[in-house]
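**Student:** These are the residues of each chain, in order.
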Amino acid sequence: MPTKLLTWSWLVGVLAALLLAATSQAQITSYEEKGRLNTDSHVGKLTGHAQNAAADYRRYCVGCHGELGDGNGENAPWLDPKPRDFTLGIFKCRSTPTGTLPTDQDLYDTIGRGLDRSNMPIWNTLTKQERVDLVAWVKHFSPRFQKEKPGAPIEIPAEPEVTPERVKAGQDVFARVQCWKCHGVEGMANGPSASTLTDDLNRPILPYNFTDGSRPKCGTSDQDIYRIFMTGLDGTPMPSFSDNIKPDEAWDLVFYLRTLQPHNTFNMKERQIAKQLGLKPVNPNAPAQ
Amino acid sequence: MKSQYGRKLASVLPALVLVGVGAVILSQKVNAAGGGSITGTVKLSGTAPHMKGIDMSKDPVCSKAHESSPAQMENVVVGQGDGLENVVLYISQGLTGNEAASTQEPTFDQKGCMYTPHVLALDVDQKFKVTTGDQTTHNIHPLPSPTAGNIGWNKSQPPGAPPIETSWKNEEVAIPVKCNIHPWMHGWFVVVKGPYATTDNKGSYTIQNVPAGSYTVTAWQEDLGTQTAKVTVAAGSAAKADFTFKGK
Chain C
1 MPTKLLTWSW
11 LVGVLAALLL
21 AATSQAQITS
31 YEEKGRLNTD
41 SHVGKLTGHA
51 QNAAADYRRY
61 CVGCHGELGD
71 GNGENAPWLD
81 PKPRDFTLGI
91 FKCRSTPTGT
101 LPTDQDLYDT
111 IGRGLDRSNM
121 PIWNTLTKQE
131 RVDLVAWVKH
141 FSPRFQKEKP
151 GAPIEIPAEP
161 EVTPERVKAG
171 QDVFARVQCW
181 KCHGVEGMAN
191 GPSASTLTDD
201 LNRPILPYNF
211 TDGSRPKCGT
221 SDQDIYRIFM
231 TGLDGTPMPS
241 FSDNIKPDEA
251 WDLVFYLRTL
261 QPHNTFNMKE
271 RQIAKQLGLK
281 PVNPNAPAQ
Chain W
1 MKSQYGRKLA
11 SVLPALVLVG
21 VGAVILSQKV
31 NAAGGGSITG
41 TVKLSGTAPH
51 MKGIDMSKDP
61 VCSKAHESSP
71 AQMENVVVGQ
81 GDGLENVVLY
91 ISQGLTGNEA
101 ASTQEPTFDQ
111 KGCMYTPHVL
121 ALDVDQKFKV
131 TTGDQTTHNI
141 HPLPSPTAGN
151 IGWNKSQPPG
161 APPIETSWKN
171 EEVAIPVKCN
181 IHPWMHGWFV
191 VVKGPYATTD
201 NKGSYTIQNV
211 PAGSYTVTAW
221 QEDLGTQTAK
231 VTVAAGSAAK
241 ADFTFKGK
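Going down the list, the sequences are from chains C and W.
The numbering used here numbers the first residue of the first sequence as 1 and each following residue consecutively.
The numbering used here numbers the first residue of the second sequence as 1 and each following residue consecutively.
In case anyone wonders, no lab produced these hints; they're calculated from the structure.
Treat the hints with care, since some could be wrong.
Straight-line Cα separation of at most 30 Å, DSS-like style, residue types lysine-lysine; simulated pairs [as the list claims (entries may be wrong)]: (1) Lys-193(W) / Lys-149(C); (2) Lys-82(C) / Lys-58(W); (3) Lys-129(W) / Lys-147(C); (4) Lys-127(W) / Lys-149(C); (5) Lys-58(W) / Lys-111(W); (6) Lys-169(W) / Lys-127(W); (7) Lys-129(W) / Lys-149(C); (8) Lys-269(C) / Lys-280(C); (9) Lys-127(W) / Lys-246(C); (10) Lys-147(C) / Lys-169(W); (11) Lys-111(W) / Lys-52(W); (12) Lys-58(W) / Lys-280(C); (13) Lys-111(W) / Lys-169(W); (14) Lys-280(C) / Lys-64(W); (15) Lys-169(W) / Lys-149(C); (16) Lys-34(C) / Lys-82(C); (17) Lys-149(C) / Lys-128(C); (18) Lys-64(W) / Lys-202(W); (19) Lys-128(C) / Lys-45(C); (20) Lys-168(C) / Lys-58(W); (21) Lys-169(W) / Lys-230(W); (22) Lys-246(C) / Lys-111(W); (23) Lys-169(W) / Lys-34(C); (24) Lys-149(C) / Lys-168(C).
For the chain C half of the interface with chain W, some residues (derived, Cβ under 8 Å), not all of them [stated by the list, open to error]: (25) Leu-88; (26) Gly-99; (27) Thr-196; (28) Leu-197; (29) Asp-200; (30) Arg-203; (31) Asp-234; (32) Phe-241; (33) Asp-243; (34) Asn-244; (35) Pro-287.
Every residue, glycine too, gets a C-beta built ideally from N, C-alpha and C.
Input sequences plus hints: build the corresponding full structure.
**Tutor:** As structure tokens, then:
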């Protein structure tokens, strides 16, 4: 009996040592992360402080985004798309060029807007100050925000008047840069490459379907649509088109994309024009222009 | 009179010494630029792994480019005499910092919906161009590791798009690059410090402009891993280092 007890205590000791090693490993990471607790954020006239958001994060965000902000919260295994890994500092919804950090305003907008067709709800129930504090908290997880400045937001010229010429020109841009490769000629997310798309972590991902009445993940306004294809959605297959679409052409494309969406108050004009013009979907087999 | 001469000498001597030391350093730099090299061949022993054919039928532009000879994966390319192509050789230990920076601006081309070359080696901060001649839209999507300090991006290149000119800030072996539109398109940027070389279709390589010294050379192959060898380069001459990777 005493020998058995001895073996047991020995085993328990080894286990405890292993456990200690494992937790201290985790503590190193959280220690590094705690060193960035003085991160702040600026949105409009509000200044956010990371340490003020700790309680809100623990209550509202930690279940999915996890203690360390790596997207490994306890709900994560059941979610698709997966929660964002904040430690990478890579974000979909930005006003800044591909490969650069988003502005504080961009992160603030994402929190308040939520991400349609994902488990990220609209957090406009939190006060503005709480959301600005959470922006600082989100930033403190990634060392990128210590080393780099956000990119310069792309310039969006004033929105011109919608005309039949512009809608037609927009369709030419759609054909030329081949949006249909993924989004399909009718915007139904059924282009030839749609079924094989994967995100940066090699997980399957779907292109946006313009026809099912869902909201684009990074905003619904004309300016938001403009921004989406000019900056690209980092972490996803959606690239930046800013090298190949001029600002004026970009507005044409926004107007054409509106014709693909189901009838609504915001796209009545574009849809009427498309009907008058008798616009047919682009021909995917036409030779490249 | 004598003391004056002495003072003059005292002021001229350090200058002379400086010029002398400078000349020695300069001559070393010249040696480095025109200096020695490391050369050899990389071979594969055993059976070469089967490279799957690529079905490009989803994009007629791509499949048309390979009508006469079907495209194959390029993870392990074995050429003449079992030579391994696309192996990158670089100096992993022993660099002095006197090595001349690579000034060429290589091109990473998208041709027939494949990357040419499949593996592009680069010096840190060396500029390169991403070009396309294809009549189909590509997106160029390098995916550096989050810990190496390089930042990924994702840009589209429709037919007729101008080249993208860029560089990598940090050493990283290696950065995968893919095209989401054509999921078979996969290539590598191998970013190293100092001189490097990539094997040709016979598996041979020569790392030029290596100053005299002792080095560790690393051979990197995307599927088969890395191997190292120690070499000593004498001024103005070629040191030899051959590698053999085992087929899996």
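**Student:** Each hint should be assessed against the structure and marked as holding or not.
**Tutor:** Here's how the hints hold up against the structure:
1. Lys-193(W) / Lys-149(C): holds, 26 Å
2. Lys-82(C) / Lys-58(W): Holds, because 28 Å separates the two Cα atoms, which is no more than 30 Å.
3. Lys-129(W) / Lys-147(C): OK: Lys-129(W) and Lys-147(C) at ~27 Å, within 30 Å.
4. Lys-127(W) / Lys-149(C): Distance of about 23 Å is within 30 Å: holds.
5. Lys-58(W) / Lys-111(W): holds, 17 Å
6. Lys-169(W) / Lys-127(W): OK: Lys-169(W) and Lys-127(W) at ~10 Å, within 30 Å.
7. Lys-129(W) / Lys-149(C): holds, 25 Å
8. Lys-269(C) / Lys-280(C): Since the Cα atoms of Lys-269(C) and Lys-280(C) sit roughly 17 Å apart, the hinted pair holds (cutoff 30 Å).
9. Lys-127(W) / Lys-246(C): holds, 25 Å
10. Lys-147(C) / Lys-169(W): At roughly 14 Å apart (the allowed maximum being 30 Å), Lys-169(W) and Lys-147(C) satisfy the hint.
11. Lys-111(W) / Lys-52(W): The given pair, whose Cα atoms are some 19 Å apart, holds under the 30 Å limit.
12. Lys-58(W) / Lys-280(C): holds, 22 Å
13. Lys-111(W) / Lys-169(W): At roughly 26 Å apart (the allowed maximum being 30 Å), Lys-169(W) and Lys-111(W) satisfy the hint.
14. Lys-280(C) / Lys-64(W): holds, 27 Å
15. Lys-169(W) / Lys-149(C): holds, 16 Å
16. Lys-34(C) / Lys-82(C): holds, 25 Å
17. Lys-149(C) / Lys-128(C): Distance of about 23 Å is within 30 Å: holds.
18. Lys-64(W) / Lys-202(W): holds, 28 Å
19. Lys-128(C) / Lys-45(C): holds, 11 Å
20. Lys-168(C) / Lys-58(W): holds, 27 Å
21. Lys-169(W) / Lys-230(W): holds, 27 Å
22. Lys-246(C) / Lys-111(W): holds, 25 Å
23. Lys-169(W) / Lys-34(C): Answer holds: Lys-169(W) to Lys-34(C) is near 28 Å, not above 30 Å.
24. Lys-149(C) / Lys-168(C): violated, 39 Å
25. Leu-88: holds, 5 Å
26. Gly-99: holds, 3 Å
27. Thr-196: With Cβ-Cβ at 4 Å, under 8 Å, it holds.
28. Leu-197: Status holds, d = 6 Å.
29. Asp-200: holds, 6 Å
30. Arg-203: violated, 13 Å
31. Asp-234: holds, 6 Å
32. Phe-241: Where the cut-off is 8 Å and the nearest Cβ of chain W is about 5 Å from Phe-241(C), the hint holds.
33. Asp-243: holds, 6 Å
34. Asn-244: The hint holds - Asn-244(C) has a Cβ within 8 Å of chain W, the shortest such distance being about 5 Å.
35. Pro-287: Since the shortest Cβ distance to chain W is 7 Å, the answer is holds.
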